[in-house]
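Q: Chain A is already provided as a structure; the job is to place chain B on it using the hints.
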Amino acid sequence: MSIWEYANPKKFMGWTAPLVPWLFGLAGACLIVGLVWGFFLTPDDYKQGSTVKIIYLHVPSALMAINAWFMMLIASLIWLVRRHHVSALAAKAAAPVGVVMTLIALFTGAVWGQPMWGTWWAWDPRLTSFLILFLFYLGYIALWAAIEDPDTAADLTSVLCIVGSVFAVLSRYAVNFWNQGLHQGASLSMDKADHVANVFYIPLLVCIAGFVLLFIALVLLRTRTEIRVRRMSALIARTRPTEVTT
Amino acid sequence: MIALLIRDLRLAVRAGGGFGLGLAFFLIVIVLVPFGVGPEAAVLTRIAPGILWVAALLAALLSLDRIFALDFEDGSLALLATSPLPLEGVALVKALAHWITTGLPLTLAAPVLGFLLNLDGPAYPWLLASLALGTPALSMIGAFGAALTVGLRRGGLLLSLLVLPLYVPTLIFGAEVVRRGAEGMPVTTPLLMLAGITVGGFALLPFAAAAALRVNLR
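Read top to bottom, the protein sequences are chains A and B. Numbering-wise (numbering that gives the first Met the number 0), the first sequence opens with residue 0 and increments by one. Numbering-wise (numbering that gives the first Met the number 0), the second sequence opens with residue 0 and increments by one.
I should point out that these hints are in silico values taken from the structure, not numbers from a laboratory. Since we're looking at a predicted model, the values are computed, not measured. One should not assume that every hint holds.
DEER-style ranges, computed between Cβ atoms [claimed, not checked]:
no. : chain 1 : residue 1 : chain 2 : residue 2 : range
1   : A       : 232       : B       : 156       : 19 to 29 Å
2   : B       : 80        : A       : 119       : 43 to 53 Å
3   : A       : 229       : B       : 156       : 23 to 33 Å
4   : A       : 122       : B       : 37        : 56 to 66 Å
For each residue, glycine too, the CB sits at the ideal point set by N, CA and C.
Looking at chain A on its own, in the form it has when it is part of the complex:
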């Protein structure tokens, strides 16, 4: 009995089936609590006014945009090393979710930047890196869509994901070098939580938890759909020869 047993498609379908509704429920609960708390029950910032509240969407989505790519990287590595189909499909399933997270982060950032920085967009290192990340996601999804054979597609996108990760990190530092930014430093970190005052911090954590759960729930749901699609195409492939002969 090892952890890999859960990657068997049949088992995977079995143990995720009861999990998905719970995850969606928890994610929804966290998001409702976190967002209502954040939007209506916290004070306005003395400098930024009510615009500070966009942090409850901006930070969690930005966090998940990066972590989604990270999860795809790990899933790709597992696929290349251990050839678990579920892993490849999970990476495929995570990409569109990651794109949406990236777009939310970019959009909320622009909405916040307009009153605060006086501009929708600046070629700031963080903003630029996110735009590049968005392009990486697009390329990844386009490659999945372009290749018909599912195993070939899984292999090639995995290789692309690994190389892309290296270049994404490289771009991040290159961009840092290229332009000094407007964006503030990390608003959260593990050791010192004093960047953001506690009144904002706790609802923010709830929102982050909501986004994480939502991400997991969406990826599981999409992976289950992908597995069903694969089963369908296998069934069709199996029945078609008989149709031709009769």
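A: Chain B alone, transformed into the frame defined by chain A:
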């Protein structure tokens, strides 16, 4: 490896198209820029480093899909895969041949086109140096992209979508070298970073490209 390199070079020169096309494209992009932004010398001087680099990058992009596609179609890539030369070596040589037929001419032509854009005097040696150091990385990254998309019927557009984001660091450091050179600032840091990308790319990307080729030949 050398035989393969010579064969690829001969094919590139004799088959026509690929060799001169990139250069002509480079020239046309550079000529078009002043029409777009206006002929003021000061503006052109300021944007010249970036424009030269972006144009060189796009010109290198043009001929990328030829790196593997022709050999894939007529089956010689499958022969190469079964030859004693490892596929990693094939990918490396192919990238090198691409660089000699596109990157090197672009590098040599860039100073001439620099005059058209009124590039500052001190920037010329750095333009040459940065392109000479940076375009091999463009070829190698491009060879990886070409290896990914070689099995696809309409791979060209997808290839650009995959490869252009990967070009970002090279472009940043390359253009930065020229910009700093033009302003008389020290260029060592971006130049070394650029060299690092090229060397690292040539060390690691052949493995990724060969892995992609193996999948596509399966």
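Q: The structure should be examined with respect to each hint, and the outcome stated for every one.
A: Against the structure, the hints:
1. A/232 <-> B/156: 19 to 29 Å: For residue 232 of chain A and residue 156 of chain B the Cβ distance comes to about 26 Å; the hint holds.
2. B/80 <-> A/119: 43 to 53 Å: 50 Å, holds
3. A/229 <-> B/156: 23 to 33 Å: 27 Å, holds
4. A/122 <-> B/37: 56 to 66 Å: 22 Å, violated
Figure legend: structure checked against the earlier numbered hints; the only hint not met is number 4.
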